[in-house]
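Between the sequences and the hints, there should be enough to build the whole structure, so can you do that?
Top line first, the protein sequences correspond to chains A and B.
So the first sequence is numbered by numbering that gives the first Met the number 0: it starts at 0 and just counts up by one.
So the second sequence is numbered by numbering that gives the first Met the number 0: it starts at 0 and just counts up by one.
Because the hints were derived from the structure by calculation, they are not lab data.
You may find that some hints are simply not true.
As a list, the in silico EDC-like pairs of lysine to aspartate or glutamate whose alpha-carbon atoms are at most 16 Å apart [to be verified]:
{"id": "1", "chain 1": "B", "residue 1": "Lys185", "chain 2": "B", "residue 2": "Asp96"}
{"id": "2", "chain 1": "B", "residue 1": "Lys131", "chain 2": "B", "residue 2": "Asp142"}
{"id": "3", "chain 1": "B", "residue 1": "Lys157", "chain 2": "A", "residue 2": "Glu192"}
{"id": "4", "chain 1": "A", "residue 1": "Lys2", "chain 2": "A", "residue 2": "Asp96"}
{"id": "5", "chain 1": "A", "residue 1": "Lys90", "chain 2": "A", "residue 2": "Glu30"}
{"id": "6", "chain 1": "A", "residue 1": "Lys159", "chain 2": "B", "residue 2": "Glu30"}
{"id": "7", "chain 1": "B", "residue 1": "Lys185", "chain 2": "A", "residue 2": "Asp162"}
{"id": "8", "chain 1": "B", "residue 1": "Lys159", "chain 2": "A", "residue 2": "Glu192"}
{"id": "9", "chain 1": "A", "residue 1": "Lys196", "chain 2": "B", "residue 2": "Glu154"}
{"id": "10", "chain 1": "A", "residue 1": "Lys185", "chain 2": "B", "residue 2": "Glu192"}
{"id": "11", "chain 1": "B", "residue 1": "Lys3", "chain 2": "B", "residue 2": "Glu115"}
{"id": "12", "chain 1": "A", "residue 1": "Lys32", "chain 2": "A", "residue 2": "Glu68"}
{"id": "13", "chain 1": "A", "residue 1": "Lys3", "chain 2": "A", "residue 2": "Glu30"}
{"id": "14", "chain 1": "A", "residue 1": "Lys185", "chain 2": "A", "residue 2": "Asp162"}
{"id": "15", "chain 1": "B", "residue 1": "Lys90", "chain 2": "B", "residue 2": "Glu30"}
{"id": "16", "chain 1": "B", "residue 1": "Lys159", "chain 2": "B", "residue 2": "Asp102"}
{"id": "17", "chain 1": "B", "residue 1": "Lys90", "chain 2": "B", "residue 2": "Glu127"}
{"id": "18", "chain 1": "B", "residue 1": "Lys159", "chain 2": "A", "residue 2": "Asp197"}
{"id": "19", "chain 1": "A", "residue 1": "Lys185", "chain 2": "B", "residue 2": "Glu115"}
{"id": "20", "chain 1": "B", "residue 1": "Lys185", "chain 2": "B", "residue 2": "Glu115"}
{"id": "21", "chain 1": "A", "residue 1": "Lys107", "chain 2": "A", "residue 2": "Glu154"}
{"id": "22", "chain 1": "B", "residue 1": "Lys157", "chain 2": "A", "residue 2": "Asp197"}
{"id": "23", "chain 1": "B", "residue 1": "Lys3", "chain 2": "B", "residue 2": "Glu154"}
{"id": "24", "chain 1": "B", "residue 1": "Lys185", "chain 2": "A", "residue 2": "Asp182"}
{"id": "25", "chain 1": "A", "residue 1": "Lys2", "chain 2": "A", "residue 2": "Glu89"}
{"id": "26", "chain 1": "A", "residue 1": "Lys157", "chain 2": "B", "residue 2": "Asp142"}
{"id": "27", "chain 1": "A", "residue 1": "Lys157", "chain 2": "B", "residue 2": "Asp197"}
{"id": "28", "chain 1": "A", "residue 1": "Lys3", "chain 2": "A", "residue 2": "Asp197"}
{"id": "29", "chain 1": "A", "residue 1": "Lys159", "chain 2": "B", "residue 2": "Asp197"}
{"id": "30", "chain 1": "B", "residue 1": "Lys32", "chain 2": "B", "residue 2": "Glu130"}
{"id": "31", "chain 1": "A", "residue 1": "Lys84", "chain 2": "A", "residue 2": "Asp96"}
{"id": "32", "chain 1": "A", "residue 1": "Lys107", "chain 2": "A", "residue 2": "Asp162"}
{"id": "33", "chain 1": "B", "residue 1": "Lys196", "chain 2": "A", "residue 2": "Glu154"}
Computed from a predicted structure; not experimentally measured.
Number of protein chains: 2
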Amino acid sequence: MNKKGLLIVISGPSGAGKGTVYNEVLIRRPEIKRSVSVTTRAPRKGEVDGIHYYFRTVEEYQRMIANGEFLETASVYSNYYGTPKAPVYEKLALGQDVMFEIDTLGAKQIKTIYPESVTIFIIPPSFEILEKRLRARGTDSEDSIRRRLSCARSELAKYKQFDYIVFNDDLESSIQRVLSIIDAEKSRIFRNEKAIKDYLNS
Amino acid sequence: MNKKGLLIVISGPSGAGKGTVYNEVLIRRPEIKRSVSVTTRAPRKGEVDGIHYYFRTVEEYQRMIANGEFLETASVYSNYYGTPKAPVYEKLALGQDVMFEIDTLGAKQIKTIYPESVTIFIIPPSFEILEKRLRARGTDSEDSIRRRLSCARSELAKYKQFDYIVFNDDLESSIQRVLSIIDAEKSRIFRNEKAIKDYLNS
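Here it is, written out as C-alpha cells:
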C-alpha cells in the first residue's frame, strides 16, 4: 500500500502540559518516532550524536539553513536548534509516523513547509488553572510567573494556525483525544488517494 | 459553552457493512441521536409517527420540498423518503450529535446543504470479499449479485465527496475508527472558535 506516515506536531503554551501528553502518547504508541533536533550547543554528559541531538558547528548549521534543510529552526540563548527535513521525510516515506513537541513558532514553520502535518494545540483548561500550575511548580519567581502568564495569553491567540485544539483539563482524556486525532487522520480521504485508486483498479 | 453538535453521515456501497457499523456506534454512544425520515409510504404494523418515520401525504411532502425543508430527499419505488432539516438543526443547536446512515447520493445532498457535516465512507476490504459477502447472504440471484457488484464499483468511484474512508476488513476496528473520527472532529479548531474566544476573554 506504501502509505505515507503522519507528521504530528504537539504544541501549546508553557504550563499546558504538552510535554506530559507528548510523552504519554509515545509510551502508548511506541511505533511513533520522535524527531531528533540539530543543535550547535555542546553535548552534555551522556548525550549521543544522532540520538539525543545531531551536534553541529555554527558553520555547518548555517550552511544547512542556507540549503533549506530545516523543517523549522530557532536560536535560543545564542545556540541554534532545528529539525532537519531529511531524516523526517525518510521515516514518513517508509510509512512511519513522526511526532514533535514544539513551540507555536516552530509549529507554524513546520505547517508552512509540510502542510499535510497534523498540528495539535494543547491548552490549559483556564488561565486560573495555568496560574495555579505555574505556582505549584515552585520553581518560578513572581516576576517569571507574570511573564509566563502574559506569554501564554499571546501564545493562545495563535490558535487559528492549528488543526486541532485540546483543552487539557484531564490528562487521560487529553491523551485519548490525541490518539483519536492520530487514528482519525489516517482515514482522511486525501491521505488514502493512492490506496483507493489501487483498490478501484483491482 | 453552547457547542454545536456534530452531524455525522455514514455511507457506502451495499454490502460494505455500513449498517452494522452504524448500529454498533449507536450502541456504544447512546447519546448520539438517530435521524428520523419523512416518508409518503403507508405505515407498517407497529410503526409510530415521529419515531420510525414522520408519515406525510404526497402533497405535504411536495410542499416541504418546495419550501426547502429537506437536508436530502429521494424517491424509491414511487414513494418519497427524506430527512427534514428542522428536527436535526434543533438537536445540533442543543449540542446533540445526530448520525445518519444513507446512500452516496443522500450523503452528497447533506454535505452540500450542511458543509460542517462529517461524512464517512465505509467500503468493503476488496471487491472479492464484497462478492463473497453478497453470495453468503444467499438472498440474491446471480443477476442481482452482478448488478450489486457493478453498482458498488460506480459507488466507490464517488469517494472524493467524503471526508473520511474506512476499509471495513474488521468490524471492531471499523467501529473504533468511526468513534475516533467523531472524537477527533470535536477538537477541530473551527468547531471550537466560540469556546476559544470565551476562553481568551476570561
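Here's how the hints hold up against the structure:
At roughly 10 Å between alpha-carbon atoms, lysine 185 of chain B and aspartate 96 of chain B fall within 16 Å of each other, so this suggested pair holds. Of the supplied pair hints, the one linking lysine 131 of chain B and aspartate 142 of chain B holds, its CA atoms being roughly 15 Å apart against a limit of 16 Å. With a C-alpha separation of about 12 Å, the suggested pairing of lysine 157 of chain B with glutamate 192 of chain A holds against the 16 Å cut-off. This hinted pair checks out: lysine 2 of chain A and aspartate 96 of chain A have alpha carbons roughly 11 Å apart, not beyond 16 Å.
Of the pairs offered as hints, the one joining lysine 90 of chain A and glutamate 30 of chain A holds, with about 11 Å between alpha carbons and a cut-off of 16 Å not exceeded. Taking the CA atoms of lysine 159 of chain A and glutamate 30 of chain B, the gap is near 30 Å; set against the 16 Å cutoff, the hint is violated. For the suggested pair lysine 185 of chain B and aspartate 162 of chain A, the alpha carbons sit about 11 Å apart, so the restraint of at most 16 Å is met. This hinted pair checks out: lysine 159 of chain B and glutamate 192 of chain A have alpha carbons roughly 9 Å apart, not beyond 16 Å.
Taken as a hint, the lysine 196 of chain A and glutamate 154 of chain B pair is honoured in the structure, with Cα atoms around 13 Å apart against an allowance of 16 Å. A hinted pair counts as satisfied when its Cα atoms are at most 16 Å apart, and lysine 185 of chain A with glutamate 192 of chain B does not qualify at roughly 24 Å. The straight-line distance between the Cα atoms of lysine 3 of chain B and glutamate 115 of chain B is roughly 10 Å, inside the 16 Å bound, and the hint therefore holds. Taking the CA atoms of lysine 32 of chain A and glutamate 68 of chain A, the gap is about 19 Å. The hint is violated against a cut of 16 Å.
Our distance criterion of 16 Å between C-alpha atoms is met by lysine 3 of chain A and glutamate 30 of chain A, whose separation comes to about 14 Å. For a cut-off of 16 Å, the pair hint linking lysine 185 of chain A to aspartate 162 of chain A stands: about 14 Å separates their Cα positions. Restraint check: the Cα-Cα separation between lysine 90 of chain B and glutamate 30 of chain B comes to about 11 Å, which is no more than 16 Å; the hinted pair holds. Taken as a hint, the lysine 159 of chain B and aspartate 102 of chain B pair is honoured in the structure, with Cα atoms around 14 Å apart against an allowance of 16 Å.
A hinted pair counts as satisfied when its Cα atoms are at most 16 Å apart, and lysine 90 of chain B with glutamate 127 of chain B does not qualify at roughly 40 Å. Of the supplied pair hints, the one linking lysine 159 of chain B and aspartate 197 of chain A holds, its CA atoms being roughly 15 Å apart against a limit of 16 Å. Of the supplied pair hints, the one linking lysine 185 of chain A and glutamate 115 of chain B is violated, its CA atoms being roughly 20 Å apart against a limit of 16 Å. At most 16 Å may separate the alpha-carbon atoms for a hinted pair to count; lysine 185 of chain B and glutamate 115 of chain B meet this at roughly 11 Å.
For the proposed pair lysine 107 of chain A and glutamate 154 of chain A, the alpha carbon gap of about 12 Å is at most 16 Å, so the pair holds. Distance hint between lysine 157 of chain B and aspartate 197 of chain A is fulfilled; the C-alpha atoms sit about 15 Å from each other, no more than 16 Å. Distance check on the hinted pair: lysine 3 of chain B and glutamate 154 of chain B sit about 31 Å apart at the alpha-carbon level, beyond 16 Å; violated. For the suggested pair lysine 185 of chain B and aspartate 182 of chain A, the alpha carbons sit about 14 Å apart, so the restraint of at most 16 Å is met.
Restraint check for lysine 2 of chain A and glutamate 89 of chain A: satisfied, since their Cα atoms lie roughly 13 Å apart, inside the 16 Å limit. For the given pair, lysine 157 of chain A sits about 58 Å from aspartate 142 of chain B by alpha-carbon distance, which is inconsistent with the 16 Å threshold. Proposed proximity of lysine 157 of chain A and aspartate 197 of chain B is supported: the alpha carbons are some 15 Å apart, at most 16 Å. Taking the CA atoms of lysine 3 of chain A and aspartate 197 of chain A, the gap is near 15 Å; set against the 16 Å cutoff, the hint holds.
The straight-line distance between the Cα atoms of lysine 159 of chain A and aspartate 197 of chain B is roughly 15 Å, inside the 16 Å bound, and the hint therefore holds. Between lysine 32 of chain B and glutamate 130 of chain B the alpha-carbon distance is near 32 Å, which puts this suggested pair outside the 16 Å criterion. Restraint check for lysine 84 of chain A and aspartate 96 of chain A: the C-alpha separation of about 14 Å stays at or below 16 Å, so the hint holds. At most 16 Å may separate the alpha-carbon atoms for a hinted pair to count; lysine 107 of chain A and aspartate 162 of chain A meet this at roughly 11 Å.
Between lysine 196 of chain B and glutamate 154 of chain A, the direct Cα distance comes to roughly 13 Å. Compliance with the 16 Å bound is thereby established for this hinted pair.
Hint check: violations occur at hints 6, 10, 12, 17, 19, 23, 26, 30; the rest are consistent with the structure.
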